[in-house]
Every structure is written in C-alpha cells, then in structure tokens.
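**Q** Now for the letters of each chain:
Protein chains: 4
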Amino acid sequence: MEIGFLGLGNMGLPMARNLLKAGHAVTVYNRTPAKAEELHRDGGARVARTPAEAAAPVAVTMLADDAAVEAVVFGENGLLAALPKGAIHVSMSTISVALSRRLASAHAAAGQRYVAAPVFGRPDAAAAGKLFVVAAGAADALATCRPVFDAVGQKTFEPGDDPAAANVVKLSGNFLIAAAIESMGEAFALARKSGIDPRQYLDILTGTLFGAPVYRNYGGMIAEERYAPPGFKLPLGLKDVRLVLAAGDAAGVPMPVASLLHDRFLAGIGRGYGDLDWSALGKIAANDSGL
Amino acid sequence: MEIGFLGLGNMGLPMARNLLKAGHAVTVYNRTPAKAEELHRDGGARVARTPAEAAAPVAVTMLADDAAVEAVVFGENGLLAALPKGAIHVSMSTISVALSRRLASAHAAAGQRYVAAPVFGRPDAAAAGKLFVVAAGAADALATCRPVFDAVGQKTFEPGDDPAAANVVKLSGNFLIAAAIESMGEAFALARKSGIDPRQYLDILTGTLFGAPVYRNYGGMIAEERYAPPGFKLPLGLKDVRLVLAAGDAAGVPMPVASLLHDRFLAGIGRGYGDLDWSALGKIAANDSGL
Amino acid sequence: MEIGFLGLGNMGLPMARNLLKAGHAVTVYNRTPAKAEELHRDGGARVARTPAEAAAPVAVTMLADDAAVEAVVFGENGLLAALPKGAIHVSMSTISVALSRRLASAHAAAGQRYVAAPVFGRPDAAAAGKLFVVAAGAADALATCRPVFDAVGQKTFEPGDDPAAANVVKLSGNFLIAAAIESMGEAFALARKSGIDPRQYLDILTGTLFGAPVYRNYGGMIAEERYAPPGFKLPLGLKDVRLVLAAGDAAGVPMPVASLLHDRFLAGIGRGYGDLDWSALGKIAANDSGL
Amino acid sequence: MEIGFLGLGNMGLPMARNLLKAGHAVTVYNRTPAKAEELHRDGGARVARTPAEAAAPVAVTMLADDAAVEAVVFGENGLLAALPKGAIHVSMSTISVALSRRLASAHAAAGQRYVAAPVFGRPDAAAAGKLFVVAAGAADALATCRPVFDAVGQKTFEPGDDPAAANVVKLSGNFLIAAAIESMGEAFALARKSGIDPRQYLDILTGTLFGAPVYRNYGGMIAEERYAPPGFKLPLGLKDVRLVLAAGDAAGVPMPVASLLHDRFLAGIGRGYGDLDWSALGKIAANDSGL
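Protein chains in written order, with this note's numbering: chain E, 1 to 291; chain P, 1 to 291; chain Y, 1 to 291; chain G, 1 to 291.
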C-alpha cells in the first residue's frame with residue numbers, strides 16, 4: 001500500500017518503521033529532515049520535503065499537537081491541497097475534538113476522506129507494534145486503513161462513523177489515567193504520613209483491586225518518587241486535560257475531576273515540575289502534606 | 001481455635017460460617033439474635049446473648065460503623081471488660097483511624113491485644129472465602145490470628161505493627177474505588193453526549209488500559225445505568241469518604257479528590273439517590289450534563 | 001468629538017445615547033438596524049450600514065462576545081480595514097484577553113491605536129451614565145478617549161499601558177462576583193437547612209461584614225429564590241468564567257474557585273437553568289441539599 | 001448584673017473589661033491565672049480559681065475551641081454542675097454546631113438555660129466594644145443577656161430561639177470571609193502575572209463592586225503580601241472551615257467552596273505557613289502560579 005507518513009517524533013518514528021517492515025511503500029515527512037533521512041537509509045522510505053509531497057492514497061499524521069497538525073494540513077504546501085480526491089487522511093495524533101471536526105469538514109469539502117485514529121501506548125509499545133488504535137470514520141475508509149492499524153497496533157477499536165468519537169475516547173482515556181494518578185498521589189501521601197511503606201502499600205493496591213498496568217506503573221513511580229526521567233512530561237498532561245475539558249465544555253459536560261487535574265498540572269508547572277513526568281502530581285500531594 | 005465473632009451482617013454472617021467450616025469453635029453475637037440462631041442450627045455456633053459472652057482468646061468484630069463497634073466494645077456488657085488478659089480483639093470492620101487508635105490504647109491498657117484487619121471484597125467474596133485481608137498489629141498477635149484470616153480470605157497483607165495502618169489502607173482503597181467511579185461517571189457522560197455507545201466505550205476502556213475489576217464492574221453499572229439494586233449503598237460511600245477525609249485531616253494530608261467525592265455523595269443524597277448504589281455518582285454526572 | 005459606536009444591545013444602546021447627550025457626533029452601527037434607526041430618530045445619530053461606515057477617529061465597540069467583535073473588526077467591511085491611521089479602536093465589550101492582545105497587534109500593524117475599556121455595571125447603570133470604566137492603553141490614546149469615558153461612566157480606572165490589563169481586571173472582577181454568589185449559595189443552603197430565615201440571614205450578613213452591593217443584590221435574589229427574570233443570564237456567567245480560566249491558563253495561574261464555578265454553571269445549564277439569572281448558582285446549592 | 005466570665009484570651013480579656021466598665025459585677029476565670037489577676041487589679045473583677053467558682057446568674061464563656069469549652073463546662077469543677085437552676089450559660093466562643101446542641105440539651109436537663117452568642121470582630125473591635133453579636137436562644141434568656149451584648153458589641157442580631165442557629169451564622173460568616181480571601185488570592189495572582197500593580201488592582205476592586213471591609217482588609221494584605229504578623233492564624237481558619245463543613249455534612253449540605261478551602265488551609269500548613277495569617281491563602285495561589 002502507498003502511505004504518506006507525517007511526523008517522526010518519539011511515537012511516529014517507530015510507527016513508520018513498522019509500516020515499512022510490513023512491506024508498505026512509505027513516504028515520510030518530518031519538519032526537521034534528519035529522522036526522515038534515517039528512515040530512508042534504514043528502511044527504504046521515500047523522503048518528502050514538504051507535507052504536500054507526502055500526499056498518498058492514505059496519509060497518516062502523527063504530530064505533537066493541534067498547531068502542528070494545522071500547519072501540516074492547512075499550511076503552505078499542505079496536505080489538504082495536495083491529497084487526491086478519495087484519498088484518506090488518517091489523523092493518529094492526540095488532538096482536540098474541535099480540530100478533528102474541522103478536519104472532517106475540510107476533507108469532505110475537498111472530496112477527500114478523514115479517519116481519526118488516535119492510539120494508546122508509549123514509545124516502547126509503538127516500537128513493538130503493540131499500540132491500541134481507536135479508529136472512527138466511514139466504514140469503507142476504515143476498511144482501507146486496516147493494514148495500517150495492524151502494522152502499528154495489537155488491537156483496533158472502532159467506536160463508529162463519527163471521527164470525533166475516536167478523539168473523545170482517546171482524550172477521556174488520558175483523563176482517566178491522570179485521575180488515577182492524582183488519586184494515588186493523595187492516597188500515597190496519606191499512607192506515607194501514616195507510617196506505611198509506600199512500596200508495600202503499592203503491593204497491596206495492585207494485589208487486590210487495582211491490578212491494571214496504570215496503577216502498577218504510575219503507582220510505582222509515585223511509591224519510589226521517581227519522576228525523572230519523564231515518560232510523558234507534566235505539561236503534556238496539562239495539554240491533554242485542557243483538550244478533555246474543552247470537549248466537555250462543548251458537549252455540556254461538567255468534569256470536576258478534570259478541572260481539578262487542570263489546576264494541579266498548572267500548579268505543578270508553577271512549582272517548577274515542568275520537566276518531570278506527569279505522575280509528579282504525586283509530588284504535589286506530598287509537598288502539600290509537608291512531606 | 002476458640003473464636004468469638006460479633007456482627008452477623010451481610011459480611012459477618014458468611015465470614016463466621018467460613019470459620020465454623022474451618023473447624024473453629026465459634027461463639028457468635030448479633031444485636032438481633034435471629035441470625036445467630038441460624039448459625040447455631042446450621043453450623044454449630046454457640047450463641048452469646050451479650051458481647052461479653054462472646055469473649056474468647058480471639059474475638060472478631062465485623063460491624064457496620066464506629067458507633068456499632070464502640071457499643072460492642074465499650075458499652076454495657078462490652079468486650080473490653082470481658083476479654084481475658086492476653087486475648088486479641090481483631091477488628092475487621094471498616095472504621096475510622098481514630099477509633100482504631102483508641103481501641104489499640106484501650107486494649108493495651110487492659111492487658112489485651114488488638115489487631116486491625118479490615119477486608120476488601122463484597123458479600124459474595126466473603127461467602128467464597130475470597131476476601132483480601134489487611135492485617136496490622138504486633139507480630140505475635142498476627143501469627144495467632146492467621147488461621148482466622150486464612151478461613152475468610154484468599155490473601156492477607158500485613159503492613160506493619162501499627163494497627164491504624166490497616167485502617168488507612170482499607171479507607172484509602174475505598175477512596176481509590178470511589179475516585180475511579182467518579183472519574184468514569186464524568187468520562188461516560190462525555191462519551192454519551194458525544195454519541196458513543198456506552199457499552200462499546202466500556203469495552204475499549206477495559207480492553208486497553210483499565211482491565212482491573214473495579215473498572216469492569218463499576219463501569220458496567222454506569223454504562224447500563226444499573227444503579228439498583230445497590231451492592232454498596234451511596235450513603236456508605238459517603239461514610240467511607242468521611243473517614244478517609246478525617247484520616248487525611250488528622251495526618252495533615254489535603255485530599256482534594258476525596259473532598260470532591262464527599263460533596264458528590266452528599267449531593268446524591270440531596271437529589272434522592274440515597275437508596276442507589278454508590279456508582280450512582282455516574283447518575284449525578286449524567287444529570288449535570290443534561291442526560 | 002466624532003465617534004463611531006458599534007453594538008446597540010442592552011448596554012450599548014444607553015451608552016451611545018449618553019454620548020449623543022454629551023454632544024458628540026455619533027455614527028452608530030448595529031447588526032439589526034432597528035435600534036440604530038431609533039437612535040437616529042431620537043438622538044440624531046448617523047446610521048452606518050456596515051462596520052466600515054462607522055469608522056471614525058474614535059470607534060467604540062460594545063458587543064456580546066469575542067465572535068461578534070471579530071466579525072465587526074476583521075470581517076467583511078470591517079473596522080480594521082476602514083479606520084484611518086492614528087484612529088483609536090476602544091473595545092468596551094467583555095472579551096478574552098487573547099482577543100484583546102490580537103486586536104492590539106492588528107491595530108498597531110495597521111498604524112491605528114487600540115484601547116481596552118471594559119465596564120462594570122448593569123443596563124440601569126449604563127442608562128444613568130454611572131458605569132465604572134477600566135481603561136488601558138497608551139497614555140495619549142487614553143487622554144483622547146476620556147470624554148467618551150466621562151459620558152458613560154461615573155469613574156475611570158487606568159491600570160496601565162497594556163490594553164490586556166483592563167480585560168484581566170474586568171474578567172477577574174466578574175469572577176469575584178461569581179465566587180461571592182456561589183459562596184452565598186452554599187451558605188444560604190446551610191442556613192435554610194438549619195432553620196434560619198434566609199431574609200434575616202441576609203440582614204445579618206449585610207449588616208456586619210458584607211455590606212457591599214454584590215452581597216446585598218445577589219444575596220437578596222438567593223434569599224428570595226428570585227432567579228427570574230434574569231439580570232445576567234447564567235450562560236453569560238459561564239462565558240465569563242471560561243474567559244477568566246483561559247486568561248489564568250495562559251498566564252500559568254491555577255484558579256480552583258473559577259474551575260468550580262465553570263462546572264457549576266455548566267451543571268446549571270444541564271439541569272435546565274439556562275434562562276435564569278446567574279445567581280441561580282444558589283438554586284444548584286439548594287437542590288443538592290435536598291431543598 | 002452578676003456575671004461570670006470564663007476565658008481571657010485576645011478576645012475575652014477586652015470583652016470582660018468592657019463588662020466591668022459598664023458597671024457589672026464580674027467574676028473571671030482563666031486557665032492561667034495571670035490575666036485574671038490583671039483584671040482584678042485594673043478593673044475590680046473577682047477572681048475564680050475554678051470554672052465552678054465563676055458560676056453566676058449569667059455565665060459567659062469565650063474560649064478557643066470545642067475542647068476548651070467542654071473542659072470548662074463538663075470537666076472537673078465545671079460550670080454545668082455549679083450553675084444554679086435558671087442561670088444562663090452564654091456561649092460566645094466560635095464552636096461547633098454539634099457542641100452547641102449538646103450544651104443546649106445538657107443545660108436544659110440541668111434546669112439551666114443556654115444562649116449561643118458568637119461574635120464577629122477582631123481584638124481591636126472587642127476592645128472598642130464594637131463587636132457584632134449573633135445571639136440565639138429563648139426570648140426571655142436573650143432579654144436577660146442584652147446588657148451583656150450591649151457592653152461588648154455595637155449591634156446584636158437575633159436569628160431565633162434555636163441556639164445552634166447563631167453558631168451556623170457565625171461559622172458560615174467565617175466561611176464567606178475565607179471564600180472571599182481565596183477568590184482574591186486567585187484574582188491577585190492573575191493580576192500580578194498579567195503585569196498589573198496589585199495595589200492599583202485593589203483600588204479598582206474596592207472602588208467599584210467590592211467596597212466591603214473584608215475585601216479592603218484582606219485584599220490589602222494580599223496586595224502587599226503582608227501575611228505576618230498574623231491577625232488570625234491560618235490554622236484557626238482551618239479549624240473554622242472544619243466546623244462549617246461538619247455543620248454542612250450534618251445538615252446534608254454539600255459545600256464545595258468550603259471543601260476547597262479546607263484543602264488549601266491544610267496545604268498551607270503542609271507548606272509551612274502555619275504561623276501566617278489566614279490570608280496567606282493568597283501566598284498559596286501566588287506560589288502555584290510561579291510567583
């Protein structure tokens with residue numbers, strides 16, 4: 001399959017590599033070309049010098065945020081103008097619901113198709129082709145894209161034909177992770193102030209009701225106060241909680257836990273934790289407890 | 001082993017039955033005697049007419065709340081006056097950290113021993129002997145009690161020699177459950193307002209990052225808006241969040257998510273949901289979203 | 001003085017009328033022309049059919065929200081293209097800090113000047129020329145605009161040369177009002193549930209520490225549960241708290257009370273109070289208390 | 001009038017002095033006797049060595065907290081046992097609604113009368129006899145006490161015959177003050193980060209909508225970051241917000257702003273601000289904003 005792939009960051013690079021491994025003909029674009037060259041040497045990718053040059057029947061974007069996606073799609077030499085009629089833009093970045101709706105409209109107006117397919121998983125899962133993909137859009141477009149999803153993920157969920165649904169799932173999933181982190185931060189502060197060994201406390205939690213990886217991984221970081229090096233930086237957590245709050249606001253859904261998270265992430269930056277992992281919510285809880 | 005068992009409610013009755021099955025000589029006390037009589041007929045329990053008559057080398061209390069434990073221990077014909085020196089009071093109820101500390105002092109002053117051993121699990125787990133026990137107290141006392149824990153639970157965790165630590169673990173565990181419920185309530189409201197099928201949404205959550213039973217069970221109730229019959233009534237959730245807030249307050253630990261839960265549970269009662277399951281936090285979120 | 005005045009809503013109409021009374025030559029623009037015609041017949045205003053026709057050495061905008069200001073300034077036949085070099089755009093609407101900054105840049109780039117001058121006060125204060133004006137911008141521009149401020153307000157505050165400062169003052173002022181309303185809503189619910197007559201409760205509050213009009217007026221509405229007809233609709237309160245949260249977010253300032261207000265206003269809409277006064281925050285507090 | 005006065009702290013001492021000045025025969029009790037001796041020398045007070053010795057037809061308590069009042073009333077040589085039938089206990093301390101109800105019952109059972117009469121005002125207002133008194137209880141008891149209230153206060157409010165109503169008014173009043181402080185703390189942080197001079201910002205607030213002393217005084221402390229020496233220490237704010245939350249909880253009233261204040265005060269102590277004025281809520285807001 002001919003695939004354009006735009007965005008070779010921590011997530012995009014291993015995803016593109018997996019597409020190449022699966023035998024697809026991939027044209028890659030990255031703002032700074034070094035990584036694209038690497039994929040050319042290593043994996044035989046064709047290198048595009050502009051987003052437009054990465055136009056293909058299926059063009060995947062995997063970028064940092066709304067602004068980056070807007071630049072690549074609507075900007076100079078952008079995808080929107082370059083994609084042929086009937087081509088599919090597969091947006092796999094974590095972007096706002098509002099931008100996803102705007103992309104859906106713009107591509108439809110241009111006779112193109114649009115699929116939102118954000119992913120759950122960290123760079124190591126991306127490297128292993130073990131991401132979870134949440135893909136929404138027209139059924140025929142989803143069918144066309146399935147080889148892409150199979151190459152990068154272990155499982156694909158399809159919540160319907162409205163692309164924005166996939167973004168809601170992704171953002172609300174990240175919200176649930178952050179809520180679990182914050183709750184654990186408070187619980188660990190209480191445990192520590194009560195003289196309980198945090199590692200043992202974690203063992204009890206994960207050995208009883210909270211066996212999910214989210215509790216195990218982030219609980220481990222909080223128990224050991226191991227907030228650096230960051231796997232996902234605190235300001236990225238702020239970004240995502242902003243997006244879920246915006247989605248809630250637009251849909252008329254008050255989300256008080258998300259509001260609380262927003263203020264905690266902001267306070268984390270104010271206190272100088274901007275370079276730590278987003279699990280440093282646990283550090284805020286500890287500090288406020290005099291730990 | 002000779003065991004006194006006080007409190008034959010939804011949890012206590014199956015627990016006492018498992019102790020009898022394991023071959024222990026159990027004397028049971030219940031405020032209303034019918035259930036005690038039942039255990040006498042069924043299982044050969046001796047029936048005590050007062051708490052004092054249930055005094056034994058190991059006396060287990062499994063009661064509804066602080067007031068019930070205080071009545072049975074400190075009240076007329078209470079355990080405290082009746083227990084022999086060296087006997088162990090095993091408090092398995094979900095009670096406040098403050099009362100647990102008070103019990104520890106009172107029993108020590110009377111030459112008795114005290115173990116706090118609250119449990120995780122619902123009545124069905126109690127019936128199956130599959131509870132998780134969190135037991136804290138002096139090492140020798142814990143060793144003596146182990147056959148009790150083995151008869152009622154699948155696993156015992158021992159967070160140390162300060163009995164209050166076990167209560168902190170139990171209360172903070174319930175807090176984490178409630179926090180997960182509230183967060184899911186908000187997320188499901190957003191999903192529903194975004195046109196996503198809630199059952200499919202649940203499948204995605206539990207199929208990716210949130211496979212733990214807490215998410216599966218409570219998520220299912222929220223997805224299906226199945227808040228009755230209650231497994232654990234909303235006012236009991238309020239009671240437990242009060243206890244964790246009190247523990248946090250006493251330990252100097254601000255717990256903003258717990259504060260939010262407190263206000264949501266209170267509002268749930270104000271809106272008439274007092275007979276629903278505590279997962280009806282999801283109903284509050286839905287109502288506030290116009291669903 | 002030659003003045004363009006754009007926006008003849010509840011606030012703009014009496015303000016424009018006061019400018020006419022003060023002897024200024026006013027050209028008025030309104031999206032729906034009926035009110036402009038009225039000011040022509042009544043007060044001798046010149047009527048503009050497009051925003052551009054209202055261009056003048058001093059052009060005042062007094063519109064509903066960011067979108068309306070953007071349309072009038074940046075849209076077809078907009079002010080930006082029509083204002084002569086050196087002319088001053090005086091933005092008196094309650095708009096976002098971000099839009100105010102964008103206007104400042106755009107006008108500067110066009111060789112024009114920009115003053116932000118939002119006001120405190122309701123339509124009756126506007127009619128009486130008793131608004132409070134908060135004006136920020138370059139000193140010479142402010143000096144030129146003073147006759148405008150004197151005609152519409154009882155007092156002008158000038159927090160500096162950065163126009164956005166005036167918007168921050170306005171938005172944070174509205175936030176403080178909303179915070180006082182919410183706090184009173186909670187306090188009145190407690191008073192009522194404690195058997196205290198709410199009118200007497202209000203007398204005590206305003207007779208001791210809370211004599212300010214904000215407490216008197218909104219307290220009166222809450223005490224009497226008089227939420228209709230609305231003076232300032234609940235969704236407008238939501239709009240303004242969104243703007244203050246956006247300002248806080250951009251400035252790195254967590255505002256937990258504002259976050260709480262945001263969720264309460266949203267919930268108010270979800271519960272069907274969208275046509276009530278924003279003091280209906282008191283109705284939410286009452287309902288959640290079972291009143 | 002013969003008056004017993006128990007508690008000669010920052011508030012009680014000037015209040016007792018004013019009673020002496022008004023010509024009443026006052027017997028004073030204080031746990032540490034030095035201040036009582038002072039009032040004996042200065043003002044002719046009779047000195048009681050135990051609470052019982054201060055029993056009189058009207059006995060006023062003005063103590064630090066629930067524990068102090070309980071000790072003086074229910075403890076050894078306490079007021080309850082010593083007061084003659086028909087005597088009135090006037091509780092002017094800031095105590096819990098629950099304790100006030102318990103005092104009402106206990107005094108009624110002993111054939112005595114009980115009036116709750118907490119006050120608004122700081123030590124300087126107490127010295128000037130300018131307190132506001134909120135007095136509730138049986139009409140005849142209130143009538144008897146009026147000379148006491150007139151001697152210490154500028155005005156007395158009487159919200160009814162249920163003594164607890166007076167405590168609700170006092171506690172909710174302090175809650176409203178704390179809510180105004182917190183809101184201002186957030187608003188000032190935003191103003192400062194937006195480059196606005198905080199003193200000028202305060203002038204605008206108090207010159208427009210927020211002329212009440214609460215805004216002027218606490219706003220001034222926040223604007224100048226003048227949190228020491230404390231007028232009312234942060235842990236006392238925590239104490240009072242705990243009491244209002246307890247009152248709300250018992251009455252079924254969720255108070256989310258009070259919950260937020262509780263967590264902020266706790267965090268203030270955790271961050272080491274326990275010796276600062278409770279307006280140091282503004283310091284928390286500033287720190288979380290990176291100021």
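Keep in mind that a hint or two might mislead.
A pair holds if it fits inside one copy or across any two, identical chains being indistinguishable in the list.
[To be verified] Computed list of lysine-lysine pairs in DSBU-like fashion (alpha-carbon distance at most 30 angstroms, straight line):
| # | residue 1 | residue 2 |
| --- | --- | --- |
| 1 | Lys193 | Lys233 |
| 2 | Lys233 | Lys155 |
| 3 | Lys155 | Lys193 |
| 4 | Lys35 | Lys193 |
| 5 | Lys239 | Lys35 |
| 6 | Lys239 | Lys85 |
| 7 | Lys193 | Lys21 |
| 8 | Lys233 | Lys85 |
| 9 | Lys21 | Lys239 |
| 10 | Lys130 | Lys21 |
Simulated from the structure, these hints should not be mistaken for lab results.
**Q** Look at each hint and say if it fits the structure.
**A** Verification of the hints:
no. : hint             : result
1   : Lys193 to Lys233 : both (27 angstroms within a copy, 24 angstroms between copies)
2   : Lys233 to Lys155 : within (26 angstroms within a copy, 37 angstroms between copies)
3   : Lys155 to Lys193 : between (41 angstroms within a copy, 25 angstroms between copies)
4   : Lys35 to Lys193  : neither (47 angstroms within a copy, 39 angstroms between copies)
5   : Lys239 to Lys35  : within (25 angstroms within a copy, 44 angstroms between copies)
6   : Lys239 to Lys85  : neither (33 angstroms within a copy, 40 angstroms between copies)
7   : Lys193 to Lys21  : neither (51 angstroms within a copy, 40 angstroms between copies)
8   : Lys233 to Lys85  : neither (38 angstroms within a copy, 46 angstroms between copies)
9   : Lys21 to Lys239  : neither (32 angstroms within a copy, 50 angstroms between copies)
10  : Lys130 to Lys21  : within (14 angstroms within a copy, 47 angstroms between copies)
Hint compliance for this structure: hints 4, 6, 7, 8, 9 are broken, all remaining hints hold.
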